[in-house]
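Put together the whole structure using the sequences plus the hints.
The primary structure of each chain is shown beneath.
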Amino acid sequence: MIRVILPAHLRALARVNGEVCFEITGEITQRALLDALESRYPMLRGTIRDHVTQRRRPYVRFFACEKDLSHQPCDAPLPQAVADGTEPFLVVGAMAGG
Amino acid sequence: MSSVRLLVGTRKGAFVLTSDGKRTDWKIEGPHFGGWEIYHMKGSPANPNRIYASQSTSWFGQLIQRSDDGGATWEPVGNEFVYDGQPGTHTWYDGTPHPWEFARVWHLEPSLHDPDLVYAGVEDAALFRSSDGGRNWEELSALRRHPSGPSWQPGAGGMCLHTILLDPRDPARMYGAISAAGVFRSDDAGASWRPINRGLRSNGIPDEDAEVGHCVHRIAMHPKHPDTLYMQKHWDVMRSDDGGESWSEVSGNLPTDFGFPIDVHAHEPQTIYVVPITSDSQHFPPDGRLRVYRSRTGGNEWEALTNGLPQEHCYVNVLRDAMAVDKLDSCGIYFGTTGGQVYASSDSGDHWTAIARDFPAVLSVEAQTLP
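These protein sequence lines map, in sequence, to chains A and B.
Counting in the numbering used here, the first sequence runs from 929 upward without gaps.
Counting in the numbering used here, the second sequence runs from 105 upward without gaps.
It should be emphasised that the hints constitute simulated quantities derived from the structure, not laboratory data.
Note that CB positions come from ideal geometry on N, CA and C, so glycine has one too.
Certain hints may be false.
Far from chain B, by Cβ distances over 12 Å, these chain A residues were calculated [to be verified]: (1) Thr953; (2) Phe991; (3) Glu994; (4) Gln1008.
Some chain A residues close to chain B (C-beta under 7 Å, calculated; not the full set) [to be verified]: (5) Ala960; (6) Tyr969; (7) Met971; (8) Thr975; (9) His979; (10) Val980.
Here you go:
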């Protein structure tokens, strides 16, 4: 079971409280995780990554296991602790501006 | 008894204000989408309970929200704004080519007749259309592909298509205004466009009467006189009586002709309103006195409206989409400020009351007159 923690604005948009949990089949990568997340919550499309380029939006960061995974290749495997649900995958709004 | 609903977009959320026809007591609901910038909200003339809202932040991008119950509840609809084909480049502030990049939706203009048809003016300047209630968007790319497009440059607020006017007499005629390119008109429902800026003079550009390049801040029209257009340009208040074919200056006795909004009285097509601002570097009213100016002659002769407005130590701005009129008798005039106040007049501007004092900076105000 994958666990994802969304920032408050996106939790409100998706109308969820707390963590979002779901299963993914196949390799657990950033792309697979975000595809699965957007499939369950289509209103999140375009808010985390660009519709066309699929690149992470500049003020969004991905953290897990106390590491910044934002610049990892999107098809690289995520840490085993994320894949097995021991640790959550955090989508974070960068601290910038007001 | 008729009532009025105001749709107020701010830097940190949306507010819906309602009053009966007396317009003395206002109920405030919101913020909706707290923390998000709401550049614009507008209701469908064909179904006033259908309201569209442009919601965005730098963090999470653009969303379009839709309400079908007058703003009580909302659902996110489509937010995929993709330029048609290879968008190419426009001109950046420093004169170099810069790729066309979608930033946000500045303005939403629902069709006069079809609640599911809505136009969006976006930054970087382009016009989009949805015919399914905002779920899917397609660019009307002939505007951006006008041969002058590569020369368009952004104003200080970005290169935005901020005004869309639909001609109630002719469904094929529409206008779009872009900072800082100018006004464009289509007579074939957006299939082709041409600039209509003859008569504009802007001393901030190399050729001051160029065909394009003018920083038009806002245009307005009275629905019963669609050939007469009014414009607040960066500097200068302008008027056209031939659908934009030619413009003449009507700044007259204004204390300064810099400003952002311009609007037309609902029942008097020659009565127009502006809010003079000191200058493009001092975005506040002259002498710290917030004054709406009214002309009952379609320009040139202006009177200051001050009753109920702060006449000392006031240093707010009124942005281009932050003024609106209702259709009651007497006409209600409304505007919001960057200081978070919303002012209302129920007598065509003679007297003003602050109906909200401490909102976030107001980006837009629209008025709906309800049966």
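Given as non-interface: threonine 953 of chain A, which should sit over 12 Å from chain B by C-beta: holds, 27 Å
Given hint threonine 975 of chain A near chain B, where the shortest CB pair must fall under 7 Å: holds, 4 Å
Satisfaction of the histidine 979 of chain A interface hint, Cβ to chain B closer than 7 Å: holds, 5 Å
Separation of phenylalanine 991 of chain A from chain B, once the least beta-carbon distance is taken, above 12 Å: At about 15 Å from chain B, phenylalanine 991 of chain A clears the 12 Å cut-off, so the statement holds.
Interface-negative label, glutamate 994 of chain A against chain B, beta-carbon threshold 12 Å: Non-interface label on glutamate 994 of chain A holds, nearest chain B Cβ at 22 Å vs cutoff 12 Å.
Glutamine 1008 of chain A non-interfacial with respect to chain B [C-beta, more than 12 Å]: holds, 29 Å
Minimum beta-carbon distance criterion (7 Å), tyrosine 969 of chain A to chain B: violated, 10 Å
Interface hint status, methionine 971 of chain A versus chain B (Cβ within 7 Å): This interface hint holds because 4 Å falls under the 7 Å limit.
When the least beta-carbon distance from valine 980 of chain A to chain B is tested against 7 Å, hint result: holds, 6 Å
Closest C-beta approach of alanine 960 of chain A to chain B relative to 7 Å, hint status: violated, 21 Å
Consistency note: the structure conflicts with the earlier hints numbered 5, 6.
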